[in-house]
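Enquirer: Sequence:
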Amino acid sequence: MTRQALVELIRQRQSYLCVGLDTDITKIPSHLLQEKDPVFAFNKAIIDATRDTCVSYKINTAFYEALGLKGWEALEKTVHYIGTNHFTIADAKRGDIGNTADQYAKAFFETLPFDAITVAPYMGADSVKPFLNHKDKWGIVLGLTSNPGAHDFELQEAGGELLYEKVLRTVSGWGTPGNLMFVVGATRADAFTHIRAITPEHFYLVPGVGAQGGSLQEISAKAMIADVGILVNVSRGIIYADTTLAFAEKAAAAALAYQQEMAGYLKIYSPMA
424 MTRQALVELI RQRQSYLCVG LDTDITKIPS HLLQEKDPVF AFNKAIIDAT
474 RDTCVSYKIN TAFYEALGLK GWEALEKTVH YIGTNHFTIA DAKRGDIGNT
524 ADQYAKAFFE TLPFDAITVA PYMGADSVKP FLNHKDKWGI VLGLTSNPGA
574 HDFELQEAGG ELLYEKVLRT VSGWGTPGNL MFVVGATRAD AFTHIRAITP
624 EHFYLVPGVG AQGGSLQEIS AKAMIADVGI LVNVSRGIIY ADTTLAFAEK
674 AAAAALAYQQ EMAGYLKIYS PMA
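Per our numbering, the very first residue in the sequence shown carries number 424; after that it's consecutive.
Fair warning: there could be bad hints in the mix.
DMTMM-like, lysine to aspartate or glutamate: derived pairs with alpha carbons at most 25 Å apart [what the hints assert, rightly or not]: (1) LYS529 with GLU488; (2) LYS690 with ASP650; (3) LYS558 with ASP525; (4) LYS516 with ASP447; (5) LYS560 with ASP519; (6) LYS493 with ASP471; (7) LYS459 with ASP447; (8) LYS500 with ASP447; (9) LYS529 with GLU496; (10) LYS673 with ASP519; (11) LYS467 with ASP650; (12) LYS467 with GLU499; (13) LYS500 with ASP549; (14) LYS645 with ASP665; (15) LYS589 with ASP519; (16) LYS450 with ASP519; (17) LYS493 with ASP447; (18) LYS645 with GLU684; (19) LYS560 with GLU458; (20) LYS558 with ASP519; (21) LYS450 with ASP460; (22) LYS459 with GLU684; (23) LYS529 with GLU499; (24) LYS450 with ASP525; (25) LYS500 with ASP471; (26) LYS690 with GLU431; (27) LYS558 with GLU624; (28) LYS560 with ASP665; (29) LYS493 with GLU431; (30) LYS645 with GLU580; (31) LYS560 with ASP460; (32) LYS645 with ASP471; (33) LYS493 with GLU458; (34) LYS459 with ASP445; (35) LYS450 with GLU672.
Just the calculated beta-carbon pair ranges, DEER-fashion [what the hints assert, rightly or not]: (36) GLY506 with LYS450: 19 to 27 Å; (37) GLU458 with PRO536: 44 to 52 Å; (38) ALA676 with GLU458: 17 to 25 Å; (39) THR667 with ILE520: 42 to 50 Å; (40) GLY583 with LEU492: 15 to 23 Å.
If you are wondering where the hints come from, they were derived from the structure by calculation, not from laboratory data. Everything numeric in this text was worked out from a predicted model, so none of it was measured. Glycine included, C-beta positions come from ideal geometry on N, C-alpha and C.
From just these sequences and the hints, can you work out the full model?
Expert: What follows is the structure in C-alpha cells.
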C-alpha cells in the first residue's frame with residue numbers, strides 16, 4: 424500500500440486505528456476452542472467487528488509461531504481474510520542481514536501479502552534495506568520503545584546524542600517517508616515533539632495506548648502532521664474487551680470509541696487542506 428493510499432484510507436474512515444491481533448489461545452473465549460481453528464475463528468470475528476473503524480491490523484507473529492504449523496496456518500488465513508482494504512503489518516521484528524533478510528522480506532511480502540514488517544536495526548543498514556526494496560511495501564523500524572529495557576541501549580548516550588536519536592537520524596536516510604516508518608511507544612509522549620523534529624515526515628506506529636496507559640490525545644497533539652503520520656495500535660483493549668459470547672460486539676464497541684475519538688483529533692490536529 425502506498426503512503427497516499429494509506430492517508431486516503433485514514434481520511435475516509437476518520438481513523439488511524441491499528442488493531443493488534445496478538446491472539447493468545449489461552450485468552451480467547453472458551454467456546455471457540457471447539458472450532459477446528461480457534462485462533463482464526465477468533466480473528467475472523469474480531470476483523471468482522473472492527474474492519475469499518477480501523478485502517479490497519481498488526482499481527483504479532485510470536486503468538487502464531489508458538490503454535491507451530493497450526494499457528495502459521497491461522498496467520499496465513501488471517502492476513503488473507505483481512506484483504507487489501509487495510510494496511511497489514513507483520514509484527515515480526517526481524518533483524519538479520521544479507522540473504523537472510525532478503526528471505527524474510529520474501530516470506531512476508533511475496534509468499535504472504537503483508538504491507539509492512541517491523542524490523543530491529545541493531546545490525547545496521549544491511550538488516551533494514553532489504554525490506555525497503557519491495558514496491559509499495561514498508562519497513563517499520565524500532566525507534567523508541569516503551570519497555571523498561573529501553574534504558575539499556577536506546578536511552579544511552581552515543582556520540583553526543585541518545586542512541587535512539589542516532590537510529591532515527593541514520594535510518595531515515597536509508598528509505599523515504601513512503602516506505603519507512605518508526606515504532607515509537609505511546610508511553611514516551613514527552614519525547615514525541617523532539618522525535619517529530621528529527622523525522623518530520625515519517626509515519627509512526629504507536630503501540631501502548633489503552634492497557635499500557637498511553638494517552639491518545641497527547642500522542643495525537645504532539646505527533647500528528649498534515650497527512651496524519653501516525654498509526655495507533657491497540658491490542659488488548661479491543662480484542663480482549665470481553666471473553667463471553669458477546670466478545671465481538673464488545674470489541675466493535677471499543678474500536679468505535681477509539682475511532683470516534685480519533686475523528687475529533689483529526690479535525691483539530693490534521694485538518695484537510
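Enquirer: If a hint holds in the structure, say so; if it does not, say that too.
Expert: So, going through the hints one by one against the coordinates:
no.: 1; hint: LYS529 with GLU488; result: holds (17 Å)
no.: 2; hint: LYS690 with ASP650; result: holds (12 Å)
no.: 3; hint: LYS558 with ASP525; result: holds (14 Å)
no.: 4; hint: LYS516 with ASP447; result: holds (18 Å)
no.: 5; hint: LYS560 with ASP519; result: holds (18 Å)
no.: 6; hint: LYS493 with ASP471; result: holds (22 Å)
no.: 7; hint: LYS459 with ASP447; result: holds (16 Å)
no.: 8; hint: LYS500 with ASP447; result: holds (16 Å)
no.: 9; hint: LYS529 with GLU496; result: holds (17 Å)
no.: 10; hint: LYS673 with ASP519; result: violated (39 Å)
no.: 11; hint: LYS467 with ASP650; result: violated (30 Å)
no.: 12; hint: LYS467 with GLU499; result: holds (12 Å)
no.: 13; hint: LYS500 with ASP549; result: violated (31 Å)
no.: 14; hint: LYS645 with ASP665; result: violated (31 Å)
no.: 15; hint: LYS589 with ASP519; result: holds (20 Å)
no.: 16; hint: LYS450 with ASP519; result: violated (31 Å)
no.: 17; hint: LYS493 with ASP447; result: holds (13 Å)
no.: 18; hint: LYS645 with GLU684; result: holds (16 Å)
no.: 19; hint: LYS560 with GLU458; result: violated (34 Å)
no.: 20; hint: LYS558 with ASP519; result: holds (21 Å)
no.: 21; hint: LYS450 with ASP460; result: holds (15 Å)
no.: 22; hint: LYS459 with GLU684; result: violated (37 Å)
no.: 23; hint: LYS529 with GLU499; result: holds (14 Å)
no.: 24; hint: LYS450 with ASP525; result: violated (34 Å)
no.: 25; hint: LYS500 with ASP471; result: holds (14 Å)
no.: 26; hint: LYS690 with GLU431; result: holds (15 Å)
no.: 27; hint: LYS558 with GLU624; result: holds (19 Å)
no.: 28; hint: LYS560 with ASP665; result: violated (34 Å)
no.: 29; hint: LYS493 with GLU431; result: violated (35 Å)
no.: 30; hint: LYS645 with GLU580; result: holds (24 Å)
no.: 31; hint: LYS560 with ASP460; result: violated (29 Å)
no.: 32; hint: LYS645 with ASP471; result: violated (32 Å)
no.: 33; hint: LYS493 with GLU458; result: holds (13 Å)
no.: 34; hint: LYS459 with ASP445; result: holds (19 Å)
no.: 35; hint: LYS450 with GLU672; result: holds (17 Å)
no.: 36; hint: GLY506 with LYS450: 19 to 27 Å; result: holds (25 Å)
no.: 37; hint: GLU458 with PRO536: 44 to 52 Å; result: violated (24 Å)
no.: 38; hint: ALA676 with GLU458: 17 to 25 Å; result: holds (23 Å)
no.: 39; hint: THR667 with ILE520: 42 to 50 Å; result: holds (47 Å)
no.: 40; hint: GLY583 with LEU492: 15 to 23 Å; result: violated (49 Å)
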